[in-house]
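Residue numbers (this note's numbering), protein chains in the order written: chain A, 1 to 349; chain B, 1 to 349; chain C, 1 to 349; chain D, 1 to 349.
Derived by calculation from the structure, the hints in this document are not laboratory data. Built from N, CA and C at the ideal position, the CB exists for glycine as well. Hints may contain errors.
[What the hints assert, rightly or not] Pulled from the structure, derived: some chain C residues nowhere near chain D, Cβ distances all over 12 Å: (1) ALA28; (2) PRO114; (3) LYS295.
[To be verified] Some but not every residue of chain A turned toward chain B, in silico, with C-beta under 7 Å: (4) VAL11; (5) ALA16; (6) ALA29; (7) PHE95; (8) SER236; (9) TYR267; (10) TRP282.
Number of protein chains: 4
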Amino acid sequence: MFFTSDNWAGVHPAIAQRLSEESSGFSAAYGASELDKRVEQRFNTLFEREVAIFFVGTGTAANALALAAVNRPGGVSFCHREAHMIEDECGAPEFFTHGARLAPVDGENGKIDPGNLKAEIARFPPNFIHAGQPMAISITQATEIGTLYQRDEIKAIAAIAKAKQLPLHMDGARFANALAALNLTPAEMTWQCGVDIVSFGATKNGCWCAEALVFMEPGMAKDLPYIRKRAAQLFSKTRFIAGQFDAYLDDNLWLNLARHANAMADYLQKGIEQAQNARLAWHTQTNEVFCIMTKDFAAYLKQQGALFHEWNPPRAKAGLLAENEVLTRLVTSFATEKAHVDRFIELLG
Amino acid sequence: MFFTSDNWAGVHPAIAQRLSEESSGFSAAYGASELDKRVEQRFNTLFEREVAIFFVGTGTAANALALAAVNRPGGVSFCHREAHMIEDECGAPEFFTHGARLAPVDGENGKIDPGNLKAEIARFPPNFIHAGQPMAISITQATEIGTLYQRDEIKAIAAIAKAKQLPLHMDGARFANALAALNLTPAEMTWQCGVDIVSFGATKNGCWCAEALVFMEPGMAKDLPYIRKRAAQLFSKTRFIAGQFDAYLDDNLWLNLARHANAMADYLQKGIEQAQNARLAWHTQTNEVFCIMTKDFAAYLKQQGALFHEWNPPRAKAGLLAENEVLTRLVTSFATEKAHVDRFIELLG
Amino acid sequence: MFFTSDNWAGVHPAIAQRLSEESSGFSAAYGASELDKRVEQRFNTLFEREVAIFFVGTGTAANALALAAVNRPGGVSFCHREAHMIEDECGAPEFFTHGARLAPVDGENGKIDPGNLKAEIARFPPNFIHAGQPMAISITQATEIGTLYQRDEIKAIAAIAKAKQLPLHMDGARFANALAALNLTPAEMTWQCGVDIVSFGATKNGCWCAEALVFMEPGMAKDLPYIRKRAAQLFSKTRFIAGQFDAYLDDNLWLNLARHANAMADYLQKGIEQAQNARLAWHTQTNEVFCIMTKDFAAYLKQQGALFHEWNPPRAKAGLLAENEVLTRLVTSFATEKAHVDRFIELLG
Amino acid sequence: MFFTSDNWAGVHPAIAQRLSEESSGFSAAYGASELDKRVEQRFNTLFEREVAIFFVGTGTAANALALAAVNRPGGVSFCHREAHMIEDECGAPEFFTHGARLAPVDGENGKIDPGNLKAEIARFPPNFIHAGQPMAISITQATEIGTLYQRDEIKAIAAIAKAKQLPLHMDGARFANALAALNLTPAEMTWQCGVDIVSFGATKNGCWCAEALVFMEPGMAKDLPYIRKRAAQLFSKTRFIAGQFDAYLDDNLWLNLARHANAMADYLQKGIEQAQNARLAWHTQTNEVFCIMTKDFAAYLKQQGALFHEWNPPRAKAGLLAENEVLTRLVTSFATEKAHVDRFIELLG
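From just these sequences and the hints, can you work out the full model?
See the structure below:
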């Protein structure tokens, strides 16, 4: 019963197969191959516009390079207090930007509250050099706690970004899960709502190591070839990333994989709603489920072979848990088997 | 006729096969899986001592992180003037070290001259803060121009490093080619000669993307887990690197692949020695061949389908070339076919 | 009526006089002069132990270099949410540390609450590389809002620092004001309470430009000569800083100047307590006074020639002000004239 | 006999006097005072155009911030091999630019050779990301070895800069000495020849600590207020720098001080030309004199009270010195007394 993270899953057979096929022959290195060029074109089609696209090795690299591309001295980027870039990247955004700051913004359900965002940006008046200067806004879709920004919510944040002339970045480590849940196209969920840069993740959804940084306005990325190279994220055999994406995007594989993960999470949530020994912390629409149970029961589940993370305070907010309770995070993936979910639900009683 | 670079080659079938096998199932992320641990153990065996080993995505990352691990404020690292880290990494070492400097050292045959090294280090007297402070020495084995440090030559540089209490790094982007050519063990070519850190490259020799940073003294790497993570080089599904190494090291595959590449280069050199329209620039023992011909003849070869880089001045040193000549670099790999070399030699006339 | 900041005041005549006297003759540069050495000795005497001392040009430099001296990859430093280093230095601490993070800690009266500090540090469990690693704790004495840590309060924070093996830094931009108010010696207020590093400010209290970074354990500063030099904070004619400190420390001038500033603030506070058109926001013991009045009345005061900053929300906390009110900050200095305070109080009605 | 460096001299009485006068009263901090604004205006007049001017504390800060203002990822700045920024600033330019590189260019007489400059720039072809990208050219006027670029020589370098769209920086640590020797105006020696940025030094020529960074095109400095602040180079009592410049520029004081220093150097050189125990290494027109003598004789001079630096190999080029000889550097300043020069010449025999 593997619910620790979607990055515990392996790789979808179609993607492994494509890599095997690509392994023979010779091909131009550093992104100049025909395959690289062809897959870059697919992203143009996917986003229904000419984008600038950069393959990188990790989601952390994509996020950090996105900020590096729009870096400013004394710069401050705004993201949700629970965002991956501020909680789980060991300061990579600060490193890649030579010390720009991440300012946490509060908001319910893992989402930036527009009013709070305005108030935080207002701490940095124009030309008040002592405080520094706003530089970017970043949202996570799906969020770190499995929730989703609706299109109107993205637009509300984009309006603030536009008013302040700040680029809007979307951390799409679970981009496909969000698209599948909202039944939107990439264009509808991004630039048509005002998103400027996307960290387009595929690793968690069936690839080995395939992340892309997508700029809606190629001019915004003009220095990125140099930034990426000196950040050691330009792979020589980039075919290995391009090839994964090629298979990933074929025949809607990526969306189908995400739909499976989401469906498993939904099924799991329905089970928890009926359970005696656990309750949902909040409802989610994607592939992360948050569930409250006693410490003793969590220990029992682990003993029975269930694997999951605990989301201890301060991650679990004050008031959410009784003293003997824990918040557990259960992540499904493209590879989650229904039998495992069934067994888990059965254990919940 | 693919002689542009060894990173134009694909991936050896045994490695592709292993990746396919690893693609199913679930496994702990971020290096905690059994496979990761087992492959780490293999490196201990390989180096005949307990080493600290870190998988990373690119050779540039390995080199830059090696210097980051031993970084000092105002630090200066010494490497050969033609080293990859100073010529071809877009300032990655400077970026990862927050501005430490690379000081080029001259030397014949692509190798640091010990006398020149001493003279360069002497520019930084102890406690003379205006100049900065020495921080590391880096050698490349095999060198950027296909030559090799003999064990005594490594020891001579290591003696200088030890006298100045500087760590000695080896850029082993073509580590296997060097080992195969010198018929040495990893231990013999590294720590037994005084090498402290190795960038252990496998990408150029049959993998997709498999590089490792090896510290002979694990204590020297105590901060590296943090440094690597915030450098966005900690992959979630590290199995994809560990798995490549696992197949790479099985049954001496890696050395056999390197031997093939070296043999092809040797065969090519013998052909050039007999050729009417080209001459060897210098003799090499590994998988890079440097060859001088007229510009017209180089153009003719390209027209005939031969792919290679020109090593234009200032890379080609003053006096080496007549006015109408070019220096060409021909790189063989594990995948080079003898028929291609034959055809190339035939064209040389 | 100059209450904008203590850095609007000029320089005490005795300090200007000393600079004039030092202006003739020749002297070793870069801190090697007899005067430099003699003043360094005075700091040993002042702190009753052998300290490492570095003269720098600004308080921001002192704070940022303090963190640079104890920098760690993925490092996180803890300071009060309203600390100068996090609010008013345009990211200098992040820049000097190549991207280490400042984590704000809440606490009443401008002081870090030990419970909150423990909770924040607990967000960074040992060896959990995703979050980063704790690196330092910084307190401000006197605080940004004019309050003071009592010795027991410093000791409580130092105990947490020691338990976590973190160095404890004190931003002493108003060090003399704090000492004078608490009637303590430098030793009593610093290392005897567990403080490891002090930013020893003198600029705000009668100098042109005289700041010192003091390390209680010289070994903690072993790289600082290089760090300071490459941070462009090693002045060639350091006599100009050393000379200011020499006059500043003579005959208790520094403490007398601070006592005057504190007394003026106390006098001002007593006046506000009696006033009809303003009320104290909170009581302070040093040279900053915070006072609440209507926006209209603040405008009237400015029109009458009173100069001061408004401390607008979010600096003024929610609930402190009625809708038509502002929080004003009134800073006294060594140069504040009683007549100006009298006139200001008179205006308050 | 003080010939160690011009930064061993103190401060001209007129400058000390002005500082004393400015020490009383209150004034806006952080560069907003009337005095600051008035002195900024003087620079416009001085350069005969509207410039952007930033006061900073050290020459190293001025140089490093100049490069930071025009920083690019993977950036490479070109300067003479003996330039102060590459030899004597402990990596400050690299630190302030987050790792941009300084590429040394050779040239006779301490001056960049245009042919060599072109060749070095050619190492970085457009869009060849592996090498990095050119970012700036920096010349030193007067040079580190006391020589001068003639206007035509500056123009020749500026033409290369313009052709490559690179900003041209002038390190003017001894700007006044150069102007005085060449009998040019600031405009004639800078922007009229194509110089874009000047580090305008005054510390070595009679101030305590007064350096200014001057941008001929204010738009080039648009981010500099933030860059300077987070580099801890924005002084609160900037009057202390503005005041020094104000006295420095009054009544041609600065040029008169430089003329004296130059005249003393000229007088010293004439003496050396007649001496038995020393010979000129090369002739200079400013305030640095380079002189060759035996080691024994240098020791004798020191014993007699002469203070100077030795310019040991590799600073002294191969072939310049016999085995028992040393190259000595003798620096005069505004404060050099003729009697000391006479005594020194007398000792030379």
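Hints violated by the structure (numbers, ascending): Hints 1, 9, 10 contradicted; others consistent.
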